[in-house]
Structure formats: structure tokens, C-alpha cells
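Q: Going down the list, the sequences are from chains A, B and C.
My numbering numbers the first residue of the first sequence as 1 and each following residue consecutively.
My numbering numbers the first residue of the second sequence as 161 and each following residue consecutively.
My numbering numbers the first residue of the third sequence as 449 and each following residue consecutively.
Rather than coming from a laboratory, the hints here were simulated on the basis of the structure.
From a predicted model like this one, the values you see are computed outputs, not experimental measurements.
Zero decoy hints are in this set.
Which residues of chain B face chain A? A few of them, derived with a C-beta cut under 8 angstroms, are:
| id | residue |
| --- | --- |
| 1 | TYR166 |
| 2 | ARG200 |
| 3 | ILE264 |
No residue lacks a Cβ here, since even glycine has one placed at the ideal position from N, Cα and C.
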Amino acid sequence: MAKLHISTTINGEPIEFLCDPPQTMLEVLRDQLGLTGSKEGCGSGDCGACSITVDGRLVCSCLMLAAEAEGHRLETIEGMARGDQLHPLQKKFVELAALQCGICTPGFLVASKALLDRNPNPTETEVRYWLAGNLCRCTGYDKIIRAVMEVAADMRETAR
Amino acid sequence: MNNIQYVAPQSIDEAVAAMAAANGTGRVLAGGTDLLIQMRAGVVSPGIIVDVKKIVEMTTIDETSGGYRIGAAVSGAVIGEHARLKKAWPGVVEAINLIGSKQIQGRASAGGNLCNASPAADSVPALVAAGAIVTVQGPKGRRDVPVEKIHAGPGRTTLQPGEIVVSFTLPARPAGSSDAYLRLIPRTEMDIAVVGCGVSLTIQNGTCTAARVGLGAVAPTVLLVEDAAKALAGSRLDDKALEAAAAACRAACKPINDKRGTIAYRTKIAGVLLKRAAGIAAERAGRK
Amino acid sequence: MSSQPYKWIGTRPNRPDGADKVTGRARFGADFNMPGQLIGKVLRSPHAHAVIRSIDTSAAEALPGVKAVVTAKDFPEQPNVIVPTGEMQVNLRDVTRNIMAREKALYEGHAVAAVAATTEAIAREALSLIRVEYEVLPHVIDVEEAMRDDAPVLHDHLRTEGVKPEPQKASNIAKRMENIKGDVAAGFKQAEIVIERSFTTQPVHQGYIEPHATLASAAEDGQVQIWSTTQGHFQVRGFCSRLLNIETSQIRVTPSEIGGGFGGKTVVYLEPVAVRLSQKTGKPVKMVMSREEVFRASGPAPGGSVKVKIGARRDGRIVAAECTIALQAGAFPGSPIGPACWTSFACYDIDNIQVIGYDVVSNRPKVAAYRAPGAPISAWGVESALDILAQELGMDPIDLRLKNAAKKGTKTSYGPTFDTIGFVETLEAAKNSAHYKSPVKPGYTRGVAAGFWFNVGADSSAAAHVAEDGTVTVISGNPDIGGSRASLALMAAEELGVDYEKVRPVIADTSSIGFNFVTGGSRVTFATGLAVVNAVKDMIRELKGRAAKTWGVDPEAVVWENGMARPAGSNVGEFDPLSLAQLAASAGKTGGPINGHAQLNVQGAGPGFGVHVVDLAVDRDTGIVTIDRYTAAQDVGTAIHPSYVEGQLQGGVVQGIGWALNEEYIYNSKGKLDNPGFLDYRMPVASDLPMIETILVEVANPSHPYGVRGVGEVPIVPPLATVGNAIARATGVRMTDLPMSPPKLSAALDAATPRMAAE
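Chain A extracted, bound-state conformation:
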């Protein structure tokens, strides 16, 4: 099986890699590129722990072939903090204890950022439905939803 040569951009950095045609983006991120922040919880798109964005669009990296990354811009959890500054969502998740075990947290953060990038003023219902593709078994979602709502409010305040 001939390897494919893929040129892409991940977290702002140009990246090249070789992959087999059936390899998923998640496998390449984790096993070849050392970006293990994206997690595999199911491999079937049901848990959201592998969430990344592709050209700003939220996707499950377990349901994307690595070959499809050619020419696109990918963002993973590893690219969310800027230098030594956590993203406001990352900060708020820690402050409000919006994580217990933390395995789902990268996926929730990537998904929440994708929401706030589109909709800076979501209702609680909108947040809950946007994040319905991210499973959390520890928190009952309460503190996660609160964290996202508070960050949205803070960011609106800052933008004013």
C-alpha cells in the first residue's frame, strides 16, 4: 500500500506527513504527530473526545481520513492556548471545576470554542445542543455548561 504524502497546517504550523489511505486523522495526530490531546473514546463519532476543527468547522477526527487534511487548516486542543496564556475557556474550565477525570475535556474545549467563535451569545439550550455530541460521564454537564456560558458573557463584556 503506497503511502500518501500530505501537506497541511496544524495549529498554525505547516506540517507534512505520510499516511496509509485508510488511516484516520486521529491516528495520525496521536501516533505519528505526537498530538495525544485528542482522545479516542469510541472511534464512531459518538463521544466527541477527538474533536478538532478543519477550516474552522468542528469535526470528529476519528471520522476523517488523514489524507483529507491535504491543503486544510486544522486546529487541535494543543493549539488552543496562546504562548503561556490559557484560552479563557481553558481557564474557566479549571476555575469552575468543569472537569473531573479530564478525558473528555479537550473535546469539550474544542467544541465550545467552535460554538463561541460562531455564536458569542448562546442560550443555555443552544450550548447544551451544541455540546450534545460530547459525552461526559463525570460531571453531569452542569459545570461545563456554566463555564461556557460564563466565558461567553466575559468575552462579550471584553468586546464591549
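Knowing the structure of chain A, use the given hints to seat chains B and C on it.
A: Quick look at chains B and C alone, frame taken from chain A:
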């Protein structure tokens, strides 16, 4: 899985040629949200994966003399952001937008949902109700097919070897028309429809002048329920007409007992959803 | 809520591992790799019950890239005896058969062979080349069917324990147990009203988002290193030692960050197999389960049946209570039947109680612990029956429970007499809550239920080290599954009188700290917390000695206050206080490094009680239940880090809601699991839920210096009946079988109103 190939052609002709050359082992990759799961489970092992997302015609939405042409590989998220399409066909858009999570929406397409040929596919009952026409291209050229003619049974379609679904065309519609799609799932999100029901209506002066009803997950294929449409058309969507249409939906059901629902439950819910979806479609139509 | 005598305890600082966990830096089970590692994969039985006639691995072994194949032959036989393995009571005969099937495959998904290969793709291909000859046997899934005389027998050697005379015939009933208080027959004679009902539940999975994963490296000199996602790395060490005949100290297990466990990661599946493959190949071997494997082969919680009979006087006083519980153990004996029995009536002060329990094997994966193991099942029955009683008496359901509530001095049916407990306070908190006092919205109804869990102490070790600059490291040996690092650091900071930020908690591997029992039973903040407090006390004793030496006074003349050594009084002499930094700087001259240690078998875990209130709506046409408002009140002892205490309550509630409404194992007629994925094993998603309100009732545990009680288990106990009781009050239909999923609830509603069904 050993000699699998991946190609991303720029044109439909190339894609069709690649599929034809694969002798039945080719698989079209649009969003991949079904294909990758099936590959992982070992259900399918394609010889070649034909990624169609570089083909402009399959990844764009056009307005065509009052109607719309939706590329088969356009993602749910992009469809959901198309304000005019959403206004014209809210039921079709909400049905496509119910396929999976926001993550799935970032990739999943109506073309993939149709070709996966699940009787529970969310977009299909709404497209059936909408009277969508599917444009198909294969080695022998192009043809247009009513969407309800595509499914042949669970996992099976009437597509010929090498044929690719290119786009869906939604017709122009008269004033006072709208549509709605409802499905029943045990949770509020992330489930496969236990029953899905799409209703498209035209209402003039309080009377329903035209109706189409699509039902999903109650038979081996998504159904066009003409008897339900007949019960609605000509009525003022009063309780009697709605109950007659619901009865027609129940009568059309040929469901199975499985992990998602029972025969009795699916049959009952088909009627419940018909009434509710018709109510929403009528309310929307009245606003236009 | 309590008056706050503490500086750090009860505050909500950022967790020490927060930044790692929001950046993707934290390393979970599947994130560990070693140079030259192989990938291990398991071949699993497609049959629910089958004799394994033969296994031919030759074709797999011949595949290029395959380095080893193991079957049960590669694991030594173990005796049919229950032994302590790292303090856990297990039958090693069964454990070795669960990690690798021997004579028979006992459930679909049962491991029958494993391979190690250079890539995952080769490993998968190798599995397809292993030829297993099965003789398929009749199987039994349902617990009631498994108890019948004519049921297919799983284990020919199994005789029902606890029955006199000892049975001669093999049975699927592994054990019968009973606990009795007073005289139920006499008690029922006093009853003016008797409620009697039967209830069932289906198996549910813990549903941790991180699949089981391990990396094992066995060196040529016999030393073994294991990285594993586990709730108990000492248990991993103990099991691997026993199952592979390796001396315990030769094995070093490092726990990864753990992506949820809820009890399901207290046992081993992959680790002994990975070690064996590593021994055979001389290479590190990494193994990660797929989600499907997690569902098919790792422990769910049991399903079961509960028959309840409660007798009361018209004033609501319960005079007798009886229940019979049968739990599915899975393929091997060992369901949580004990806790299910003991917790059943533990909330109530009842003179006459009889509880009978059965532990039953069937062709399902061996059950594992799941949050308050067994308790939600018996509470589902008992708390539903109490709700029926309240309805029939026309009593407020909280008042009925208040009338019968256990308090300090109440003797339980299983032996102990309660010390200070907070059930009455918790009931009152629920009754006085904004939620309970608010009117129920039109279209909604309200349900109430209670729950109990013992909480656990057991073995813990801890150490505290003063660094050269006077900052402090606290070392413990329990994986942090939900913020326990923060709780331990808070208690250490409080005890030491220094800033929380100056205390860094670390979780050590099995070779770097003394033994610790599993992270489970809601014991870590309580028991390991006590070990940490004692280690800090030990370190303070040393610090006082160093100050005494510096000042040339007796150690007894030194006190430790606000992180400083001070003279105990003016008679000791005029000395400036010595800070931790100062004492650390001079440590080389006063006796060397300053450390503290503690090792304990902790007793006195304070039981916890929860009272839950829900408002929900039932869509009568579809059977869909919508939760509008949910409040959980619980006696939590002292809330060390209230955010994580609230989080435990909220998480437990939502797991309980899932158990109540949609989660279940669905088997087909061949005994194969039909829903081994998150698509059809329906755990609650964010849009299914409202915010979960919590009321922390802080009744201090007298057996802990900071009053800690375990909090994690209790909140999963009440929700099943809380939801069921609200549904019964909404619809007039009492659901007795879980889950109350839309098709089932709809069918029950239709059955109750035949006119609608006939439509």
C-alpha cells in the same frame, strides 16, 4: 484493507471513471461519517476511496429558478447556514441538521445519508416529502430520479454500478407552502430515528391544496405515504383529516422489533409524528 | 454552609492538574508509548457459551510481524480459593479464566487468545488467522432463568454457598445470603397497611469515556514495568504478581491519568496479558480496548430483581420490611449482592427486617463495581415501594421518610449501629429547599427518593516532603479520578498552615509509596486524606524538633502555628518564629531532609445519605420523559473542595438518570450484545438535562479530623426511584422494570388506558 487507494478527483467524470475502474470495490467518500465506521467495523473494505469533496458541483448549493440544487456532498453545517434555503425548505434543512452531532454535521451530507440506505436516515423522509429529484451520474451518463426510488432495502440502493449521486433538486413552490420533519429518539440528540416523518404542505385560504408525506424507520425503505397525503389534501387540516392521515401512516408501517423500538411502538409513533409534523408545517406555511 | 473555622478547607482553588488537563498535556492510558513497542490485540469469543475444543495459532504466528500469540496455556492454573490479592478478596481461579478463557468461553466477548505484532493492522490480521474450534452450548442471560433448575449450568463445580444442607448439584446460584433484624412475621402482624411489589433492572455500564489501556515492559532480568489506566495500581501489581507468578516487588505499576472508572477500573483485563506478551517477545507491548470491547468484555453493573414488602401503621411508622434480591454476577460468582442487601433498608429505623440475597451467574461479562455497587438496585425497589406507601397513606414522601429515618444509635440490619449521621438533616434540607417549596409547574410532577452508602476506609499510605526552599510535596498512591489531588493538598495546607499553592500533590507509582487500596468506595479524600494529614503531622513533629534544635530547647517547647515554629510560651525564651523556608534552609545542619510518613488501616468511614427531588413531564403520546428540575441534597460531611463535591453529586445523579430512563444491555436470542457502542447504549447527553442543583449538608464525620465523609457513591442511589416515583405520580402508572425507556413507558401507558391502545 491492504491495497486500498485514495483519490480526490476534481470532476464528476473523473470520479465516475475511478468508480467504474474499481469494478464494484469503489466507495464514494463525502463526509465519511458512515463509511469510516463501516470500514473500522470491517463491514466494508473498499479497493478505492473516491473523495468527492474537491468537485465543485457536489459541494455547492445553487438557486435554480425558484428551486434549489444541493450538491450531494455539501455538509449539514453548510446547509444549515444557508438562510434562503432554510426559509424555503425548513423541514428538509432541519432533517439534514438532525443527522448526528455538531461534529457529524461538519462532515455528513445528504448524499451520504441517502446512499447509506438506512431506512432510518433522517434526511430522506423530508426529501421524499419535498419531492426532491436526485441527479445521478454513471458510466452511461446522467439521469434524474425521484428520491423515493433510490432505496431498495436496508443498505441497498437502485444505483447502478459506478453511479454517483451528484445533487438534489428541490422544486420551486407556490406561496403558502412549507415543510417540517420530526423524528422520535429516546434522547434529545445523538440517536438514530425510531420513527421519522416529513410533511410538505401547500395551504391556500386555509385549505391544504397539496401534501406529501415521507416516513422513515418503519419499513425496509423510507416510504412515500400517498394515502396520508390524500387525507390531508383538500382538507382544512382539521382533527378528522389529521387522524385519517395518521391512520394512513400507521397502515403503511411494516416495521420490525429491534433494539430501538417495537412494532407496536413504531406504528403508534408514525401517527403521532404525522400529526405533529403536519401541524408545524401548516403553521410555517401560514406564516408565508 | 457550616461556620467556617478553616482557612483552606471549604475553598475552591484551581486543581493542581488543571492546566495539564485543559491543554491535552495530561497523559492518559493510551498516551504512553515506548521505543520498539508492539501492539497487542485480543481475540474474543463470538459465542455466549461454548466449549473451546482447540485453538490453532500456527497461521497467526507465521504472519510476518507477529511476535507472539498467547492463550490460556500461557497462564498458570490458579486454585479455586478466595485469596487476598493486594487486599482484595478474589477467586484467582475465576480471575485467570476471565482474562483468558480456559475450558469454556462463558460470554460473548470473552478473551480466548491474544497476539502481539509490530503494527495494529498486522495484529488484527493475525486475530483473523487464529482457528478456534468451539462446541456451542445452550446459554442463559436472564437472572430469573439462570436460577431455574433446568437452566444451562455455567460451572460444573459451583454449589450454592449459604444453603444447608450443602447442595450436591451444580447451580448457577453461587450464593444465598440473609440478614435479619427482629422478627418480620411478628412485625407484619402489627401492620395496618402492607405494600408488596417486584422490580427489575437491566445491566448498565459504568460508561467511562476512556477505554482500558496499558503498556507493559518485561525485562530480561525479570523486572516488569506497567503503565495502566486504573483505579488501583497496587491491585494491578497484585493481580499480575499472582496470575503470572512474579514476585510483587519485581513489578512497578505507574498509574496514568484516568479517564473515568466509577468502579469499572478496579480489576484487570489487559495488564496480565500485556505482561505475558512482553515476557514472550522481550518487547514492550501496548494494548488498548476499542469501545466495543469495553462494552462486550469489561464489567457492567449487574441487573437484578428486587421483591419488596413493607408493612406500616396508618401513621406512617414502618413496622416490618422484607426484601429478596437476586443479582447477576456475570460469568463468574461475585455480584455486589452483599452491599445490595445491606443498603436496602439502611436509611430507616425499622425494628423488623429480613433481607435475602442471591448471587447468580449467567452468560454475561463478569460484573464489576459501579458507584455504590448494588445499592441503586435495592433502592429502586425499596424507595418505589415507600412512594406507593406514601401515596396510599396520603403522606408527603419526605414526611414519611422523616418519620422512619435512621439516626445516631439506630442499629442496622447488617450489624453496625450508626454514629453521627445526617439523614434527618438531609431530609429537612430537601424539604426546605427552594425546589421543594416551589409549586410544581403545570404539566410537570414531582418525585422524591432517598439513598444510602456506607463509604469505605481501608489501607492508605502517604508521605510529605519539605523541599530545599520550604515548599512541600505530598505523595499519595491513589489515582485522581475527580479532583482528589486538590482535596489532599487542601487538607495538607490546612494542617501545615501554609498556602495551598505551596503544596504540590503527587501520585506515586507502586514502588515509590507504600500500599494503597483502590480509588473506590468513596475512600480517597477520607482515608488517603487521613494518611496525608498524618504524614503532615509527622513532618510537623520533625519540623518542631529542628526548631528546638536550632533554639536549643526541648521539642515540647515548640508549637507549630500558621506554617511557623514558635516558642510554646514566653518561658521558653525569646525566639523569632522559624518559617518552613528557614527550617528547610538549615536542614543540613539540624539533621538532614525533613519528611513525614503515615500508613494506616483507616476505620470509621462515615455513611452518607442523599435525598433527591425531581420535576419532570411525561409525553403521554410518546413515552418520552423530560427532566425539568433536579435537586440532590446529601450529607457530605465536611466539603473539602465544594466544587468537586457538587460535581460528584451532579455526575452521580446524571448516571442515575441514565440508568432510570435509557441505559441497558440488550441481548439478541444468541446471547450476543446488540448495543455495544455509545450510539445505542444511551448515556445522557448535555441536551437531555437541566442544571443539577445540589445542597451540601455538612454533618461532620466524628472519625475524621476534618469531618470528611465519602461523597461519590451516594448520589447514584436515589435517582432511579426519584424518576420512577415522579413518573408514577404523573401518569398513574407505576413502572417496575428499568429502563423506563420511551417504548416501554408508552406500552405501559397504553396498557393502562386500553382505549388509546386500540386506536
